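Sequences are here, hints too, so could you generate the full structure?
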Amino acid sequence: MQRVLVGLWLMLSIAFAQVCDAEEPLSKRQLPSSYRYVFIIDTSASMMGQGDGAGRVVFPKVKSELRNFLSRVPPDTLVTIQTFDQGPGPQRSFRLPAQRAELNRYIEGLKATGQRTYVYATLLKVLRELALSSDVATSIYLFTDGQDNDPGPLTMADVAKEYRLRRGAYDWLYYITLGLSTPPDVGAALRNTPGSRALSAAPNQVPRLSEVALRPALIDLGNLFGVGSTQRDLELRTQGGQSPLVLEVSAPSIERHGSFLEVSPEQLSGSGAHSLRFSLRNPDSLPYGSYSASLCLKAGPNTLVRPGALQVKLTYHPPGEYLLKALQTQERLDLPRGQSAALRFRLEGSEWAKEPVRVSVKGLPEGLEARLNGEPGPVTLRPGEELRVELRNNGFGSGKMASPALSVQLPAGSIGAPEVPLATLRQPLTLGEQLLRWLPWLALLLALLLLLWRWTAAQNAPWATVTLVGPPPKCQETTRKLRGKRPVDLGKLFEQPELRGIKLTGSRGQNPQVEYPLHLELKVGKNLLEPKDRIQMGETVTISEGGKELGNFSLGRIRGR
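As numbered in mature numbering (1 follows the signal peptide of the UniProt record, and there is no 0), residues -17 to -1, 1 to 544 make up the sequence shown, in order.
Keep in mind that the hints were calculated from the coordinates and are not lab data.
Predicted model only: the values in this text are computed from it and were never measured.
Idealized CB from N, CA, C, for every residue including glycine.
There could be a bad hint or two in this list.
Stated by the list, open to error - Pairwise CB distance ranges (calculated): (1) K308 to D216: 31 to 39 Å; (2) P404 to Q250: 49 to 57 Å; (3) S527 to K468: 25 to 33 Å; (4) G474 to E522: 15 to 23 Å; (5) S254 to Q130: 34 to 42 Å; (6) R437 to G474: 29 to 37 Å; (7) P134 to R83: 36 to 44 Å; (8) L310 to R239: 43 to 51 Å; (9) L310 to P339: 17 to 25 Å; (10) L425 to K308: 42 to 50 Å; (11) P227 to R260: 16 to 24 Å; (12) G467 to E522: 19 to 27 Å; (13) L419 to Q496: 50 to 58 Å.
Stated by the list, open to error - With a straight-line cut-off of 30 Å between C-alpha atoms, the simulated DSSO-like cross-links for lysine-lysine are: (14) K515 to K486; (15) K468 to K486; (16) K457 to K509; (17) K475 to K509.
Here's what the structure looks like:
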């Protein structure tokens, strides 16, 4: 009998290993964020070999398997233990890993001394008390070495109906019989119940429980046109016994065209990240378009795999070409502090540019703010959609320049510019800032003007006075100032044409030099002056022509100098 049961168990293992669980949800549902384990344990005396006629003691092995399976669980896992015999027994819950020591002590203290096996009543109680949660994956494991012998009207069909009503997306129910075949009513009720499985262990044996959790639920291969293969990572978390995981791709929409999608390696084991390579075979016969497939994850019957299948999507077409086109071009933009400017773009694409692109702003200095379609960004755009970029200057620096750009994250395998420059921005100087910037130059200019003025003033400064006394009998007296370093013509100075040619050249503190034409005579007293002679201040110089006196002049000092 034992050999028959072992053979049956092996056949069940092979059968389950060949099934890709089509009932398991794929990418449309979020993967669970936490886990809950419920162990429903038969504590009737037969579990300790009493009354079964064979003396098979399996209860200690059940407890050992519980400790082994729960030795490594995700953080914040809830574990509930529900015992039963003639009806549901005590129930205790533990939060792991914080309460692991308490859990182990409780498992160690469990005893199997009951008389009957009320399986269905206990299952219904547990199912009705479980709080429904879409983000918690619940695994229910029932261990029993007998069949339900409750005289009441409950059936396994009632249990299966309640389970179908309450089952979450990633919940599983394992009905494990120890040392006997699965009861026919149990097998019939669970055969068409999603997320359930009946296991039968050989006499005096307890199956090694194993769970494998995978992420992500959706594998996007991108565009395989001209590539043929691509690599993606798959994260595995194993718990309990180590069971190899067999991978197989199911892709009817691809295979009907004579093409095939393959995955390698075909077998995984152990926790951690695993790199998978997906290869598209015979792609020339595949029409352009988008395709989906399933990555089936197969393991033995005592290994629970979540999810049982992963959705794989891919496209096969020439690369999409994208262009983020500026609707208004402005190579340079003056943006005063506190003001904003808006630029508009439109995303254009070729026939196969159907995926969205992700757009953000790069190269923003501190003080320059950008909003994309009213949001801080990044934003997602599809071909045909417009993008409004609002730039606000909160003060990135007077006179400074900034050259921000749009960063365009394109879909894998597509063609397009990864960066689109925005206008070169400048924060113009205010009038006060401009004055401050030019202040050193203005000061220098003022100093130069002052020097020029002083030089000009020095050039035209008076250095003496000259008093002209006209000829007798009037002897009209007129006084003028002698200025500059150039020779001063007395004829022009006093507007006397007959005196033209008499020139005085001098400077402050020096006796001037005199020049005159040869037809005139200049005397100081009785002494005749020669051209280039110098005249003393206060001397009277008589001017005559042909013995006729034309007047005289004398020089005086400038007062106050």
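Hint-by-hint comparison with the structure:
1. K308 to D216: 31 to 39 Å: At roughly 36 Å between Cβ atoms, D216 and K308 fall inside 31 to 39 Å, so the hint holds.
2. P404 to Q250: 49 to 57 Å: holds (50 Å)
3. S527 to K468: 25 to 33 Å: holds (29 Å)
4. G474 to E522: 15 to 23 Å: Since the Cβ atoms of G474 and E522 sit about 20 Å apart, the hinted range of 15 to 23 Å holds.
5. S254 to Q130: 34 to 42 Å: holds (37 Å)
6. R437 to G474: 29 to 37 Å: holds (31 Å)
7. P134 to R83: 36 to 44 Å: The hint (36 to 44 Å, Cβ to Cβ) holds, given that P134 and R83 are roughly 40 Å apart.
8. L310 to R239: 43 to 51 Å: holds (44 Å)
9. L310 to P339: 17 to 25 Å: Holds: the Cβ-Cβ distance is about 19 Å, inside 17 to 25 Å.
10. L425 to K308: 42 to 50 Å: holds (47 Å)
11. P227 to R260: 16 to 24 Å: The hinted range 16 to 24 Å holds for P227 and R260, with Cβ atoms some 18 Å apart.
12. G467 to E522: 19 to 27 Å: Holds, at about 22 Å.
13. L419 to Q496: 50 to 58 Å: holds (52 Å)
14. K515 to K486: With a Cα-Cα distance of about 10 Å, the restraint between K515 and K486 holds, given a limit of 30 Å.
15. K468 to K486: holds (12 Å)
16. K457 to K509: holds (23 Å)
17. K475 to K509: OK: K475 and K509 at ~27 Å, within 30 Å.
When the structure is compared with the earlier hints, no violation turns up for any of them.
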